[in-house]
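Trainee: Letter by letter, the chains look like this.
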Amino acid sequence: MQSRLALLQALIVLLVAGLVVQFWNLQVVRARHFREQAENNRSRLVTLAAPRGALVDRNGKLLVGNRPSFSVLLVPEHAENLDRVVERLASALGMGEASIRERLARRQPYRPVVIKNDATLADIAVLDARRREIPEVSVEVVPLRSYPLANAAAHALGRVGEITERQLQLAEYKSLPPGALVGQAGLESRYNRELMGKDGYRRVVVNSRGLEVQEAAREPPQDGPNLTLSIDASLQAAMEAAFEGRSGSAVALDPVTGEILAMTSTPAYDPNQFTTGIDPALWASLASDPDTPLMNRVIQGSYAPGSTFKVIAATAALEEGVITPETSFYCPGQLNVYNTTFRCHPGGHGVVDLRRAIAVSCNVYFYQVGIRLEIARLAKWAKLMGLGAPTGVDLPAEASGLMPSAEWKLRVLKAPWYAGETVSVAIGQGQVSATPIQMARVAAFVANGGRLVRPHFARQATAPQPAPLVRPETIAAVKEGMRRVVAEGTGFRARLTEVEVCGKTGSAQVVTHARLAAAPSVHELQPHGWFICFAPADRPRIALAVLVEHGRSGGESAAPVARKILAHYFGLERGQPAPANGLVDSADAED
Amino acid sequence: MLGLSAGIDRRLVYNLDWVLLGTSLLLSLLGAAMVYSATQAGSTPGLYVKQLTLVGVGVVAMALAAAIDYRRLADRAVLLYVMSVLALVYVLRFAPVIAGTRRWIVIAGFQLQPSELVKLAAAVFAAKIFSEYRQESLGLREVALPGAAIGLLALLIAREPDLGSAACLVPLFLAIAFLAGLRMRAVLGLAAAMLLAAGLAWPFLKDYQKTRIYTFLDPSLDPRGAGYNKIQSQIAVGSGGLVGRGFGKGSQAQLGYLPARHTDFVFSVLAEELGFVGVFVTLALYLLVVWRMLETARLARDRLGAFLVAGISAVFAFQLVYNVGMVAGLVPVKGFPLPLMSYGGSSVVASLMGIGLVLSVRMRRFAN
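Chains A and V, in that order, give the protein sequences.
Heads up, the first sequence is in numbering that gives the first Met the number 0, so the first residue is 0 and it goes up one at a time.
Heads up, the second sequence is in numbering that gives the first Met the number 0, so the first residue is 0 and it goes up one at a time.
One should not assume that every hint holds.
To be verified - Per label pair, the in silico range of CB-to-CB distance:
| # | chain 1 | residue 1 | chain 2 | residue 2 | range |
| --- | --- | --- | --- | --- | --- |
| 1 | A | GLU79 | V | VAL48 | 26 to 32 Å |
| 2 | A | ALA215 | V | ASN14 | 44 to 50 Å |
| 3 | V | LEU199 | A | ASP278 | 56 to 62 Å |
| 4 | A | VAL212 | V | PRO202 | 42 to 48 Å |
| 5 | A | VAL212 | V | LEU329 | 28 to 34 Å |
| 6 | V | ALA143 | A | GLN1 | 24 to 30 Å |
| 7 | V | LEU85 | A | VAL212 | 47 to 53 Å |
These are computed hints drawn from the structure, not numbers from a lab.
We put the beta carbon where it would ideally sit given N, CA and C, even for glycine.
Full structure from sequences and hints, please.
Mentor: Right under this line is the structure:
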């Protein structure tokens, strides 16, 4: 028995020794690992979202700001029974359990998962009442983007949304976590980095029920700096109102600096709907809407410039010396060249010089100009005046438009250029296309004495004025033509009593003359109406392009819109209605 | 109540094992301190006072047990056994369901866990039976009767259900049978039979019991569920490091990540706050207790005393090793208190009472 007792004593010593070895292993060998795990257990990292910088207009008026919102968060690791928490959260917030699980599936270890963004006060009240049942759930106040202007200037200001999988791969968005809100369109996207600021954090000690016990560390967020834009909110509002619900777009520039004073594209959308992740059904309806509300027509809509192109043709012809301002042509109402009949106003304009040709928008005059210039020189000047390339405006995804040339046609269409095509291009039809912002820049070019400015929103140190690209005499002649457009020509509906406006009307054909003649009242077949202008004539302060989709002629549809915008800009809103002037009324149809 | 004389003469006091007594009390006080640390931040910060009171009650029970002549006690082994069975049957039939089990009798507001006292009665009973055998070596036939008797107690306890306490009777019985001269072949045979029984019992285990075994094998299966206790305990132990995070400063214990931190996992709190050094010292004290008990068995004047002490120390050692092994993540989580340290009246009182019986044996080694 004594030996068996000794055996038992040996056994207990062995067992205790084994335990000591295991404790040595846990507490000395692997202590660091477990200390880290204990740290993870007890501390929770709370991100303090830095509010994005606000966007303000040139007078300091708020265009895009932030509003406080509630986010409902959960650290799954802190839930003792995750299924039960999900169940209770679903009932408290009126969400599906599946959508909560979907969000939890994308979690990172020990990082809080956003269960619901922009929770309502009712949600918060319910969570507060059930606090003891689901203490793992926390509520944070997070700044959310708000767009007080709603639809107004929506395309220019842009919108924010959750960072996409693709963006996460890009260097530009490096170090941003999934779920971060970034600019997804417009200026929000273009100046995303600048606006974002730097998130701060709080490291808090939490107990096993997830309740905060104390704060261990804090790094305050650094707000994103505000960005002052060149937009004039009041002018923007007038521009929105001037469209009265019609589809189209407009942009107003300071012709000397290139600062954009207002920009609108209709129909628009409300960017507030995107801030917390847009409802899929709403997104689908926006994306598939035939009126393309998501498209910024000002920089993404390419239209035939129509007769507004005559400003370019005139400038090119004068600079190349193929005509002088006094050169006159006889307009019988059409021109037969290259075995084709090119049409003008029925009945013709008679003998017209350059200024008169611009004023009444005589096609025959510019057919003659096109024939003498030929496509190479016409294309050269069009490009010098900004066509066929993005203007470089500080917005993403700008379209180039197209200025065709013989080389372009050979390269892309594998066909030779026909001289007859030049005739069409000279009046802005055929292959040539331009965006409204490019045409606004053309107006600014003339207004600014032949200097090409870069349109932009972000106010910056004044760039040195570029050298004029054309002679002053050329500008003087073109400007005089444009003055007469409004004073006595096709653009009379833009006339103001106290400020002299220079402009040019245009219409962009959507279908051939023959098809339109067959169905003259179908809205979708009507040409788009253009009007580009600047004012006042002597010292221009504003350049403007207006495009009214299917507005028939620019004089009829776009010029009145331009007039309202200009009237507001010059403080003349209470002035008389546009003067009725029958003089050139008949020119409307064919400007 | 059993009609025993409890006289103490000076010679008996002279032979008191002061080392065992002192070490046991030290561990009890250390336990109360850890209960204090584990509960001070919670909703029941006064629990350590209750624990200290219970230690006091335990000391009285220990004194009574030491004063009783264990041979007189053994004379009433059959009576003790019958009372045990009755108490367990009573618990099964009439005790209130607490946390899904029937383990406690409530008397005047106190919860009493009969299984704790049954362990002592079982030790007395088994010691008495085996001390009656005169032969030097025993076969399976001789152990069958006491085995069945102890097995019945184990079965009744297991039905509560309280598998942990029931399992304690296995080492108790094996230790006594082993000392009584059970042949090594029989020892191995018994071990094999028990493994087989465990295998057969598997289909009868409750789901939560199976889950515990699965998640013990792979805690990451369910980090927030059944694996939670093991993971949190290991984190507590490991983060304690060499010297611990300081008394009352363990984040796992103080922030509530450790489950059952003042009862079954009180040793985790000790490991976290006092570190490896504290663990080493505490385990050394426990080893000293068991060692002194087994020394008492060696010194006992008769086989009865030796067997009684062996049975009590086997239960003590088994609970110690299992509980500390559980804290260290070595064995599946089971509801075992750590003798002397875990919060819980019946456990503390019964542990001290058992030590009282051991003291009784040692005190009377020269008596006639």
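Trainee: At the C-beta level, are V/LEU199 and A/ASP278 separated by a distance inside 56 to 62 Å?
Mentor: holds (60 Å)
Trainee: Can you let me know if the beta-carbon spacing of A/VAL212 and V/PRO202 is within 42 to 48 Å?
Mentor: Because 45 Å falls inside the window, the suggested range holds.
Trainee: State, for the Cβ atoms of A/GLU79 and V/VAL48, whether the hinted interval 26 to 32 Å holds or is violated.
Mentor: Given about 29 Å between the Cβ atoms, the range holds.
Trainee: Range hint 24 to 30 Å: satisfied by the CB atoms of V/ALA143 and A/GLN1?
Mentor: holds (26 Å)
Trainee: For the range 28 to 34 Å, tell me whether the beta carbons of A/VAL212 and V/LEU329 fit it or not.
Mentor: holds (31 Å)
Trainee: Can you tell me whether the CB distance of V/LEU85 to A/VAL212 sits inside 47 to 53 Å?
Mentor: holds (50 Å)
Trainee: Do the Cβ positions of A/ALA215 and V/ASN14 conform to the proposed distance bound of 44 to 50 Å?
Mentor: violated (57 Å)
In this structure, the one hint that does not hold is number 2.
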